[in-house]
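Asker: The primary structure of each chain is shown beneath.
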Amino acid sequence: GQSLEQPSEVTAVEGAIVQINCTYQTSGFYGLSWYQQHDGGAPTFLSYNALDGLEETGRFSSFLSRSDSYGYLLLQELQMKDSASYFCATKEAGTALIFGKGTTLSVSS
Amino acid sequence: DGGITQSPKYLFRKEGQNVTLSCEQNLNHDAMYWYRQDPGQGLRLIYYSQIVNDFQKGDIAEGYSVSREKKESFPLTVTSAQKNPTAFYLCASSILGEDTQYFGPGTRLTVL
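Protein chains in written order, with my numbering: chain A, 66 to 174; chain B, 113 to 224.
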């Protein structure tokens with residue numbers, strides 16, 4: 066089976082940088098995705114890594130190391146609106162995404 | 113506008129009743145999914161479908177049923193056999209084989 070581990074909570078202040086880690090165990094690997102979910106809302110796609118290295122999308126970046134079964138989401142220049150839950154997800158071939166339990170990010174002023 | 117709709121947003125049912133949650137998409141996606149989310153928890157996969165008239169069980173399929181008679185629609189029935197049905201239910205769709213999933217706004221089901 067698959068499993069993903071990520072911290073349950075992270076706190077930071079506006080303007081700071083925060084890193085949310087994710088370790089995974091899968092029998093086959095087809096990439097690591099990140100989703101953002103505001104309280105009561107729908108998850109929205111942020112980033113995807115199929116290969117090792119860093120993917121940058123504006124203030125958000127995602128990193129993957131397949132040899133370490135590890136990835137992280139990096140959020141820079143934090144804003145209050147970044148307060149949300151962040152989920153890492155992966156899947157095996159021909160199936161659906163399996164999600165971690167999520168990391169709640171609280172940004173304060 | 114393309115997207116996924118779920119209705120209703122809030123649903124209340126008495127214990128022992130079956131209830132069907134609607135999910136419709138006009139993104140022309142082949143694959144559709146149902147997830148359940150409990151407070152402070154991640155999304156757990158209930159069922160998914162990659163093609164019309166075919167679907168597979170996810171990790172927590174017991175007490176749920178689905179159908180996929182049309183590409184655009186993937187309704188979920190929460191049966192009386194589901195022991196703890198109160199939860200937030202999310203439907204999603206994707207292009208077959210791609211990882212990016214697009215989610216609907218969710219239905220919050222409360223069983224009294």
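It should be emphasised that the hints constitute simulated quantities derived from the structure, not laboratory data.
Incorrect hints may have been included.
[Claimed, not checked] Restricting the straight-line Cα-Cα distance to at most 30 Å, the calculated cross-link-like pairs of lysine-lysine (DSS-like) are:
| # | chain 1 | residue 1 | chain 2 | residue 2 |
| --- | --- | --- | --- | --- |
| 1 | B | K169 | B | K182 |
| 2 | B | K126 | A | K166 |
| 3 | B | K183 | A | K146 |
| 4 | B | K195 | B | K169 |
| 5 | B | K169 | B | K183 |
| 6 | B | K182 | B | K195 |
| 7 | B | K121 | B | K182 |
| 8 | B | K126 | B | K169 |
| 9 | B | K169 | B | K121 |
| 10 | B | K126 | B | K195 |
| 11 | A | K146 | B | K121 |
| 12 | A | K166 | A | K146 |
| 13 | A | K166 | B | K195 |
| 14 | B | K121 | B | K195 |
| 15 | A | K146 | B | K182 |
[What the hints assert, rightly or not] Just a few of them, taken from the derived set where beta-carbon distance is under 10 Å, the chain B residues facing chain A:
| # | residue |
| --- | --- |
| 16 | G114 |
| 17 | I116 |
| 18 | P120 |
| 19 | F124 |
| 20 | Y145 |
| 21 | G152 |
| 22 | L157 |
| 23 | Y160 |
| 24 | D171 |
| 25 | G175 |
| 26 | A193 |
| 27 | N196 |
| 28 | I207 |
| 29 | D211 |
| 30 | T212 |
Bear in mind that the values here come from a model prediction, so they are computed numbers and not experimental data.
A virtual CB, placed ideally from N, CA and C, is assigned to each residue, including glycine.
Asker: Could you grab the alpha-carbon distance between K166/A and K146/A and see if it respects the 30 Å cut-off?
Answerer: holds, 21 Å
Asker: Between the alpha carbons of K169/B and K183/B, is the straight-line distance 30 Å or under?
Answerer: Holds: K169/B and K183/B sit about 18 Å apart, inside 30 Å.
Asker: For the restraint on F124/B, tell me whether the closest CB of chain A is nearer than 10 Å.
Answerer: violated, 17 Å
Asker: Can the restraint linking K146/A and K121/B be considered satisfied, given a maximum Cα separation of 30 Å?
Answerer: holds, 23 Å
Asker: Using the nearest Cβ pair, does L157/B come within less than 10 Å of chain A?
Answerer: holds, 5 Å
Asker: Given Y145/B was flagged as interface, is its beta-carbon under 10 Å from a beta-carbon of chain A?
Answerer: Result: holds, 5 Å to nearest chain A Cβ.
Asker: Sort out whether K195/B lies within 30 Å of K166/A, counting only the CA atoms.
Answerer: With a Cα-Cα distance of about 21 Å, the restraint between K166/A and K195/B holds, given a limit of 30 Å.
Asker: Return the status of the interface hint for D171/B: holds when the least beta-carbon distance to chain A is below 10 Å, violated otherwise.
Answerer: holds, 8 Å
Asker: Under the criterion of a CB-CB separation shorter than 10 Å, is I207/B in contact with chain A as hinted?
Answerer: Not OK, violated: I207/B not within 10 Å of chain A, min 12 Å.
Asker: Quick one, is the P120/B hint okay against chain A at 10 Å, beta carbons?
Answerer: violated, 15 Å
Asker: Is K169/B close enough to K121/B, meaning Cα to Cα at most 30 Å?
Answerer: Holds. K169/B to K121/B sits at ~24 Å (cutoff 30 Å).
Asker: Hint check: is the beta carbon of Y160/B less than 10 Å from a beta carbon of chain A?
Answerer: At about 4 Å, which falls below the 10 Å cut-off, the nearest Cβ of chain A leaves the hint on Y160/B intact, so it holds.
Comparing the model with each numbered hint stated earlier shows that hints 3, 15, 16, 18, 19, 25, 26, 27, 28 do not hold.
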